[in-house]
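Reminder that position 375 of the sequence shown reads as 976 in this note's numbering, one-by-one numbering, no gaps.
Simulated from the structure, these hints should not be mistaken for laboratory data.
Glycine included, C-beta positions come from ideal geometry on N, C-alpha and C.
Errors might be hidden in some of the hints.
[What the hints assert, rightly or not] Mimicking EDC-like on lysine to aspartate or glutamate, the simulated pairs with C-alpha atoms at most 16 angstroms apart in a straight line are:
| hint | residue 1 | residue 2 |
| --- | --- | --- |
| 1 | Lys923 | Asp837 |
| 2 | Lys923 | Glu943 |
| 3 | Lys904 | Glu722 |
| 4 | Lys929 | Asp837 |
| 5 | Lys925 | Glu946 |
| 6 | Lys925 | Glu939 |
| 7 | Lys904 | Glu927 |
| 8 | Lys839 | Asp880 |
| 9 | Lys930 | Asp837 |
| 10 | Lys933 | Asp837 |
| 11 | Lys839 | Glu927 |
[Unchecked claim] Computed beta-carbon distance windows for the label pairs:
| hint | residue 1 | residue 2 | range |
| --- | --- | --- | --- |
| 12 | Ile701 | Glu845 | 41 to 51 angstroms |
| 13 | Glu894 | Leu771 | 44 to 54 angstroms |
| 14 | Leu789 | Gly726 | 44 to 54 angstroms |
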Amino acid sequence: MVLNWTPEIIVEIFTSIIILLATLLMYTAPRTKNIRSLYYIRLGLFFMGMLFTLDLLANLFLITLLSRISGLMLFPSAVFLAIGINYTIKETSNSPFLIIVVALGVLYYYLAFLPGAVRFELVGGHLNLNWTGLYELVGSIFIFFVGSASFYWGLKTWLNAPFLIKREALIFFIGTVINGPLTLFIYLFYYWNPIFILFAYATTGLGILILCLGIIKEPKLLYILPFTVNRLVVRDRKGNPLFEHEWSRSSLSESIFPGFLNAVQLMSEEVINLGGLLDIKLEEGIFTLYESESISVGLVASKYSKLLRECVVQFTRDFEQKFKPELKKQVKDIAQYEGAFELIEKYFSNFPYKNIKSKKQPLLLAGKFAKIPLEIENKLSNIFTDEKEYQAIKTELLKSPLGLSSAFFTLYKDLKDESKRISEEESLYLNDNNDLD
């Protein structure tokens, strides 16, 4: 069998490989494995990759059925991408865009198997299988919708991105521009000269690769739009503060928690029997309160979120387990609970900080690293042999500005050298006095 090699097939090979590889990377990257919106986005990109794969096989072997099926991949790709984008923007799958896509999909599947939906055409001296008529028109509408939705998502993400991840948001936005407006603009020239389809395929693959790399580098991009997380506070059952953490400023944060905590503790038995979780809707946001046997955990956010509720519950359970001895002894010293920052990294690491507006503000070491680098940890363990002192210093460094660790070790070295010099001088002085005697 003679294979029908054409420039379009070669470009489609690279495009399909790039899209499927980018999709695979988002499945394997640890920080993107369990994000709900990405589950649908990955499926959408997978079907997009299958579209190019089936289309290149249809042209390579000149099989009309494969060409029809390749076009059908646009429908599930558009549906899953619409659901994924909806979740990142408003944490729900419903939208007018999705309704339009589903309605068009029914028509699209009907048109796919009508006579004349696919035909052979000679393009640049090469034989190709192309979609025609209404089948091509509805397929082009799908392409337009996906490109436009991608661009809208990227633009909103970039405009609303907090300072700390603005650069990653720009990379992500560039990917959506290439995959959206640029590809659509080039695709229009396809109707003037079919050779432009090669450039449209190339920009599609490049745009998808860039936006996927942006998400892999910074998954927080997916949590910029649905809600803003303001503050988490932990108190014991008597109302004593044990731990708190802040992502962004809120007028609710300072005053709301104590009042609601007192009110809930009056009915604590009923709350625990109902599962211990309350959502209190306020004019400026949502106050989520989880009441366990030992502690009360309050979270202020901009709006209701099932994901945040789950994070609060899991954080509370792990907090009780981690500090079980301290809670049993009713320890009220806040310093004893500073290790809870590890649980913040575990359950809330994907939520962006919005209380840092410029480079002049200190960046938290723990905001960049999930844990202290091994080199620093080894140095600390050599300096502080007492376990309690070691853990206390380690916790403080986790919350300290970047660069403080190096300053700390420099200061320690200088003090150590100075102490050694003083000891040597004292020893020399004592020896001289002994000689005189």
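Output the numbers, in ascending order, of every earlier hint that fails for this structure. Of the numbered hints, 3, 5, 7, 8, 14 do not hold.
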